[in-house]
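Quick note, the sequences are listed as chains A, B and C, same order.
So for the first sequence, the working numbering puts the first residue at 1; every next one is plus one.
So for the second sequence, the working numbering puts the first residue at 1; every next one is plus one.
So for the third sequence, the working numbering puts the first residue at 1; every next one is plus one.
Derived by calculation from the structure, the hints in this document are not laboratory data.
Computed from a prediction, not measured in an experiment: that's the story for all the values here.
Be a bit skeptical, because a hint or two may be false.
Said to hold, decoys possible - Straight-line Cα separation of at most 25 Å, SDA-like style, residue types lysine to any residue; simulated pairs:
| hint | chain 1 | residue 1 | chain 2 | residue 2 |
| --- | --- | --- | --- | --- |
| 1 | B | 344 | C | 14 |
| 2 | C | 15 | B | 351 |
| 3 | B | 267 | A | 13 |
| 4 | C | 15 | B | 345 |
| 5 | B | 570 | A | 93 |
| 6 | B | 65 | A | 25 |
| 7 | B | 570 | A | 157 |
| 8 | B | 344 | A | 15 |
| 9 | B | 570 | A | 18 |
| 10 | C | 15 | A | 13 |
| 11 | B | 570 | A | 158 |
| 12 | B | 29 | B | 150 |
| 13 | B | 570 | A | 58 |
| 14 | A | 68 | B | 563 |
| 15 | C | 15 | A | 15 |
| 16 | A | 68 | A | 13 |
| 17 | B | 267 | A | 15 |
| 18 | B | 344 | A | 17 |
| 19 | C | 15 | A | 11 |
| 20 | C | 15 | A | 25 |
| 21 | B | 352 | C | 20 |
| 22 | B | 65 | A | 158 |
| 23 | C | 15 | A | 18 |
Unchecked claim - Distance ranges between label pairs, derived from CB positions:
| hint | chain 1 | residue 1 | chain 2 | residue 2 | range |
| --- | --- | --- | --- | --- | --- |
| 24 | A | 18 | B | 438 | 27 to 33 Å |
| 25 | B | 65 | A | 31 | 50 to 56 Å |
| 26 | B | 72 | A | 148 | 27 to 33 Å |
| 27 | A | 102 | B | 74 | 52 to 58 Å |
| 28 | B | 538 | A | 146 | 55 to 61 Å |
| 29 | A | 58 | B | 502 | 54 to 60 Å |
| 30 | A | 144 | B | 132 | 55 to 61 Å |
| 31 | C | 32 | B | 132 | 44 to 50 Å |
| 32 | A | 20 | B | 537 | 23 to 29 Å |
| 33 | A | 76 | B | 549 | 57 to 63 Å |
| 34 | A | 76 | B | 560 | 41 to 47 Å |
| 35 | B | 505 | C | 13 | 48 to 54 Å |
| 36 | B | 368 | A | 144 | 40 to 46 Å |
Think of the CB as a built atom: it goes at the ideal place given N, C-alpha and C, for glycine as much as any other residue.
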Amino acid sequence: MTTPQPQSPEPSVHIDPYERGWMIAAIAMLVVFALAVAVASYSLGIQLPAPEARVNPNTITTSGPFAKPGLRELAPGRYEAYIVAHGQGWYFDPRQISVPAGSEITFYVTSPDVQHGFKLEGTNVNMMVIPGQVSTLTRRFDTPGEYNWVCHEYCGTGHAAMYGTITVTP
Amino acid sequence: MTAIATTTPVAAVTPTAVPAKYVLSKGEKRFIGLQLLFATLALSIGSLFGPLQALEFSGLTIGGKDIYALLQPLLASYYQGLTLHGVLNALIWTTFFITGFFTLTVTYGLRRPLAYPKLGWLGFIMMTLGLLTAAVPILLNEASVLYTFYPPLQANWAFYVGLVLVVVGSWVQGYGFYITYYRWRKANPGVRTPLMAFGSLITMVMWQIATLGIAVEILTQLLPWSLGLLPGVDPQLNRTYFWFTGHPLVYFWLLPAYVSWYAMLPKQAGGKLFSDSLARFSFWMFLVLSTPLGFHHQFTDPGVPTIWKTIHAVLTYAVAFPSLLTAFTVVASLEYAGRQRGGKGLLGWIPKLPWSNPSVSIQVLSGVLFIFGGIGGITNASYNINLVIHNTAWVPGHFHLTVASAATMTFMGIAYWLVPHLTGRKLWAPKLALAQGWIWFVGMMIFSNAMHTLGLLGAPRRTPLGIAPYVPANWEPRLLQTAIGGSILFIGAYLFVTIMVVTVLRKPAPAAEVPQVPEAQSIQDPQLTPSWLDRWAPWLTIAILLIILMYGPNLFYQISNMQNTSPGFKLW
Amino acid sequence: MKPEQKPEHEEEHFKPRGTVLMMVLFFFMIVALWGYVYLIMVSQGANTP
Chain A
1 MTTPQPQSPE
11 PSVHIDPYER
21 GWMIAAIAML
31 VVFALAVAVA
41 SYSLGIQLPA
51 PEARVNPNTI
61 TTSGPFAKPG
71 LRELAPGRYE
81 AYIVAHGQGW
91 YFDPRQISVP
101 AGSEITFYVT
111 SPDVQHGFKL
121 EGTNVNMMVI
131 PGQVSTLTRR
141 FDTPGEYNWV
151 CHEYCGTGHA
161 AMYGTITVTP
Chain B
1 MTAIATTTPV
11 AAVTPTAVPA
21 KYVLSKGEKR
31 FIGLQLLFAT
41 LALSIGSLFG
51 PLQALEFSGL
61 TIGGKDIYAL
71 LQPLLASYYQ
81 GLTLHGVLNA
91 LIWTTFFITG
101 FFTLTVTYGL
111 RRPLAYPKLG
121 WLGFIMMTLG
131 LLTAAVPILL
141 NEASVLYTFY
151 PPLQANWAFY
161 VGLVLVVVGS
171 WVQGYGFYIT
181 YYRWRKANPG
191 VRTPLMAFGS
201 LITMVMWQIA
211 TLGIAVEILT
221 QLLPWSLGLL
231 PGVDPQLNRT
241 YFWFTGHPLV
251 YFWLLPAYVS
261 WYAMLPKQAG
271 GKLFSDSLAR
281 FSFWMFLVLS
291 TPLGFHHQFT
301 DPGVPTIWKT
311 IHAVLTYAVA
321 FPSLLTAFTV
331 VASLEYAGRQ
341 RGGKGLLGWI
351 PKLPWSNPSV
361 SIQVLSGVLF
371 IFGGIGGITN
381 ASYNINLVIH
391 NTAWVPGHFH
401 LTVASAATMT
411 FMGIAYWLVP
421 HLTGRKLWAP
431 KLALAQGWIW
441 FVGMMIFSNA
451 MHTLGLLGAP
461 RRTPLGIAPY
471 VPANWEPRLL
481 QTAIGGSILF
491 IGAYLFVTIM
501 VVTVLRKPAP
511 AAEVPQVPEA
521 QSIQDPQLTP
531 SWLDRWAPWL
541 TIAILLIILM
551 YGPNLFYQIS
561 NMQNTSPGFK
571 LW
Chain C
1 MKPEQKPEHE
11 EEHFKPRGTV
21 LMMVLFFFMI
31 VALWGYVYLI
41 MVSQGANTP
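Given only the sequences and the hints, what does the whole structure look like? Please build it.
Structure, rendered in C-alpha cells:
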C-alpha cells in the first residue's frame, strides 16, 4: 500500500454476542470430544496401527515369517497370526484361523503385490495392508463365534471375494 | 503504475466508489460458459455409473445376468465404471466448474476483466487436453485404478500425464486471477477485497499449495514408474503424497460453495451477509488449516507414526471450526433475509425464504445435507473412532453429503442463474428446476443414510456387494435402499442436465428478464473489517510454516527411507 | 456496492435468535450422532499395535 495509514485506530472485529457464544460452544464441544477420544485410547486401550517393520514385498513369500503364514501359539492363549494378502488370486493366506475363547492374537499382515485392507467385523481391528510395510494389531477374543475379516481396499477384479474367518471356540 | 496517484483519497477508511456492477464481455461469457459446459458434460457421463453401482448392490439380475455382464463389452467392469464415476464427478465436474465460476467471481467482484485472458484460455486448454489424455486409457480399461490411483496398481502413463495437465492447467488459470488481483490492489489501496473475489482467490492459492503433493507423487514416482524408468515405487510414501493433496481437495470443492453462500445467497434470499469479518476470517482459516493434516486419511496406515496421526487429528478438529462458524453466519444471514421478508417469531423466517427460487432452495437443501456431512466428518477425524468406519461404505456415504451435496447442489444452484446470465436466456422450467433440487435432496437422504448404516454394519467400500460372498442378511435391506437412493439421484442428475441444455437452446430473453449476478451486501461495511483480514503475507506465511512443521519431519523421514520395491500390477 | 455510512438501526440490532435455536439443535445432533459412533467404538473393544 502506498497511501499513508489513516489516523483513526484500526477497527476491531465486531462479533455478534450470539455468534461468539456459538464459537465458544463449538470449541468446548471439540475439546470434550478430544478428551473422550484420549480416554478411549489410553484408558480403554483402543489404538491405531503403528509402524512395525519394513519388508521387501518381492521376497516375503519366500523368506521370513510370511513365507509360512498362519497361526502360531506362543504360549497358552497367546497367538501370532501371520497373514498374507494376495491380490493375485484375491485371497488371504490363511483364510481361516481358530482359537479358543479368551485367547489374544497379534495379527501381522502384509502383501507381496498391491494395497489391501483388513477389517475384522465387530472389532476395532481395521488396518491398511501396504506392500513394504507390516500392519499389526493385538486383540483378545472372549466371545465364541465366527468372525469374518474383509479386504476393504480395491485390489483388482476379485476384490469382492476376498475375506477370511476367525473361529473362536468355546 | 502512475494511475494510483490520481484516484486514491488519503484520509481515513473512506473507500473509493465501487461501480454498481460489471458487465461481462462476450468473450468472458463464452469462456465461463465453456468451462461450465465441460463440467456439465463430465457430470452427465460420470453420473451414468452411479445408478449402475447402486443397482449392483441390490443384486439386480436380468435374465440371470448381473448388469455388468450385460454391459460387456461396452463397460469392462464395476471398477472401470467406478473409476469413470470418481474421476468425472469428483475431479472434472468440480475443477472445471470451479475455474469457470471463479472467472466470474474475480472479474465481477473486482469489476475488471482478467489482466491476461489468454492465460485463462491456456489453462483451460491444458485442462481439456489433460482430460482427453486421461480419458483414453480410462475408456480402454487401462486405468481402472479409481480416482485415488494408489500404487502398486499401475495405470497407463497417459492417465498420470492427463491428471498432471488438468492440475497444472488449473494453476495457470489461477495465475491469471492473481495478476488481475495484484493490479486491482495497486489501483485500490486500502479498499477491502470484494468478498466474492476474496474467497475465490484464497481457494486458488490454497489449491496451488495443496496440489504440490500429487504433483510430486506423479512426477517423481508414478509417471517415471509407468514409463519403465523406475523399477519400483514406495506405496506408503505415495499415499502420504496423495493425502497431502487429498484433504485440501475437499476444501477446493467446498470453498466455492462457501463463496456462493456468503457472497451471493444472502442477496438471493432477500437479505444481507450477517458478518463480513467472520466470513473473511473463515476463509483465512481454511488457507492455513486445509493442508497440514492429511494423516487423518491415514489413521490405519502402518507406516505413519502415532505421534503424527495424533497431531493431525488435533489440527483436523481445528479445521472443523471455520465450517461450524460458517453454519452460524450463513443461517443468520438467511434468518435476516426471512425477517426482511416478513417472518415473525423464532422460526417464522424459514417459510418466508424464497423457496420458489430454484437457486435458493437447492442451496439451502444442500446446507441441510451438509449438516450430516459435517457431523460425519468430525466423526471420521476422531482418531480411534476412525477404526469403526475406515474404508467402509460409511465413507462414500459421507462424501456424497459433502462434494455431491454441499458442493454439487450449490454448483447446480449457481448454474440456475449463471447459465441464464451468460447466455441471455431465461431458465427453462423453473418449477422443474425446483423439483430437481428436492429430488436430489430426497435421493441423497435415502442413499447416504443407507451407506452410513451399511458402513456401521461393517460393509466395505469400493466393493460390488451384490456379488460378495460374505454379505449377511442384515445388510440386504440397506443394499436395496442404496439402489433406490442412487436411482433417484440419477433422475436428479439428468433433470439438471436437461434443464441446462434446453435453457441454452431457447431463444434469447429480453434483457430485463435475464438474471443479474447476485452480489450480497453485508450488514456491516467491509471497510470496517480490520486490514489484517485483508493482508496476505501473514496468513500465507503461517500456512506455509504450518505445512513445513506438520509434514516436514515425517516426509523427510519417509523420503530418506524410501524403498522403491513395488513393481506395477494390473489386476483388473 | 454502496458503502453503508449509517447502518440502519434494525440491522445493527438484528438478533439472530432463530439461528441460535438452529445451532442448539445442530449441537445436540452432533453430540448424539458422534456419541453413537463413539459408543460403537467402545463396544467393539480394545486393540493395541
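Going through the hints against the structure:
Restraint check for residue 344 (chain B) and residue 14 (chain C): the C-alpha separation of about 13 Å stays at or below 25 Å, so the hint holds. Distance check on the hinted pair: residue 15 (chain C) and residue 351 (chain B) sit about 18 Å apart at the alpha-carbon level, within 25 Å; holds. At roughly 23 Å between alpha-carbon atoms, residue 267 (chain B) and residue 13 (chain A) fall within 25 Å of each other, so this suggested pair holds. Of the pairs offered as hints, the one joining residue 15 (chain C) and residue 345 (chain B) holds, with about 12 Å between alpha carbons and a cut-off of 25 Å not exceeded.
In summary, the hint linking residue 570 (chain B) to residue 93 (chain A) is supported, as the alpha carbons are separated by about 21 Å, within the 25 Å threshold. With a C-alpha separation of about 54 Å, the suggested pairing of residue 65 (chain B) with residue 25 (chain A) is violated against the 25 Å cut-off. Annotation: proposed proximity of residue 570 (chain B) to residue 157 (chain A) holds, straight-line Cα distance about 10 Å (limit 25 Å). At roughly 24 Å between alpha-carbon atoms, residue 344 (chain B) and residue 15 (chain A) fall within 25 Å of each other, so this suggested pair holds.
Among the hinted pairs, residue 570 (chain B) with residue 18 (chain A) is inconsistent with the structure: their alpha-carbon atoms are about 56 Å apart, more than 25 Å. Restraint check for residue 15 (chain C) and residue 13 (chain A): satisfied, since their Cα atoms lie roughly 17 Å apart, inside the 25 Å limit. Distance hint between residue 570 (chain B) and residue 158 (chain A) is fulfilled; the C-alpha atoms sit about 12 Å from each other, no more than 25 Å. Between residue 29 (chain B) and residue 150 (chain B), the direct Cα distance comes to roughly 38 Å. Violation of the 25 Å bound is thereby established for this hinted pair.
This hinted pair checks out: residue 570 (chain B) and residue 58 (chain A) have alpha carbons roughly 16 Å apart, not beyond 25 Å. Between the alpha carbons of residue 68 (chain A) and residue 563 (chain B) the distance comes to roughly 24 Å, so the proposed pair stays at or under 25 Å and holds. Of the pairs offered as hints, the one joining residue 15 (chain C) and residue 15 (chain A) holds, with about 12 Å between alpha carbons and a cut-off of 25 Å not exceeded. Between residue 68 (chain A) and residue 13 (chain A) the CA atoms are separated by roughly 66 Å; this puts the pair beyond 25 Å, and the hint is violated.
Of the pairs offered as hints, the one joining residue 267 (chain B) and residue 15 (chain A) holds, with about 21 Å between alpha carbons and a cut-off of 25 Å not exceeded. The straight-line distance between the Cα atoms of residue 344 (chain B) and residue 17 (chain A) is roughly 21 Å, inside the 25 Å bound, and the hint therefore holds. This hinted pair checks out: residue 15 (chain C) and residue 11 (chain A) have alpha carbons roughly 22 Å apart, not beyond 25 Å. Of the pairs offered as hints, the one joining residue 15 (chain C) and residue 25 (chain A) holds, with about 18 Å between alpha carbons and a cut-off of 25 Å not exceeded.
About 18 Å separates the Cα atoms of residue 352 (chain B) and residue 20 (chain C), which keeps this hinted pair within 25 Å; it holds. Of the supplied pair hints, the one linking residue 65 (chain B) and residue 158 (chain A) holds, its CA atoms being roughly 18 Å apart against a limit of 25 Å. Between residue 15 (chain C) and residue 18 (chain A) the CA atoms are separated by roughly 8 Å; this keeps the pair inside 25 Å, and the hint holds. Range check, residue 18 (chain A) to residue 438 (chain B): Cβ separation about 31 Å, and the 27 to 33 Å hint holds.
At roughly 55 Å, the beta carbons of residue 65 (chain B) and residue 31 (chain A) sit within the given window of 50 to 56 Å. At about 30 Å, the beta-carbon gap between residue 72 (chain B) and residue 148 (chain A) stays in the expected band of 27 to 33 Å. The beta-carbon spacing between residue 102 (chain A) and residue 74 (chain B), approximately 54 Å, falls within the hinted interval of 52 to 58 Å. Checked against the hint of 55 to 61 Å, the C-beta distance between residue 538 (chain B) and residue 146 (chain A) comes to roughly 59 Å, which is consistent with it.
Between residue 58 (chain A) and residue 502 (chain B), the C-beta spacing of about 57 Å keeps the proposed range 54 to 60 Å intact. At roughly 58 Å, the beta carbons of residue 144 (chain A) and residue 132 (chain B) sit within the given window of 55 to 61 Å. About 48 Å separates the C-beta atoms of residue 32 (chain C) and residue 132 (chain B), a value consistent with the hinted range of 44 to 50 Å. Under the hint 23 to 29 Å, the C-beta atoms of residue 20 (chain A) and residue 537 (chain B), about 28 Å apart, fit the expected range.
Our hint of 57 to 63 Å for residue 76 (chain A) and residue 549 (chain B) is violated, since their Cβ atoms are close to 48 Å apart. About 43 Å separates the C-beta atoms of residue 76 (chain A) and residue 560 (chain B), a value consistent with the hinted range of 41 to 47 Å. In this structure the supplied range 48 to 54 Å holds for residue 505 (chain B) paired with residue 13 (chain C), their Cβ-Cβ distance being about 49 Å. The given range of 40 to 46 Å is respected by residue 368 (chain B) and residue 144 (chain A), whose C-beta atoms sit roughly 45 Å from each other.
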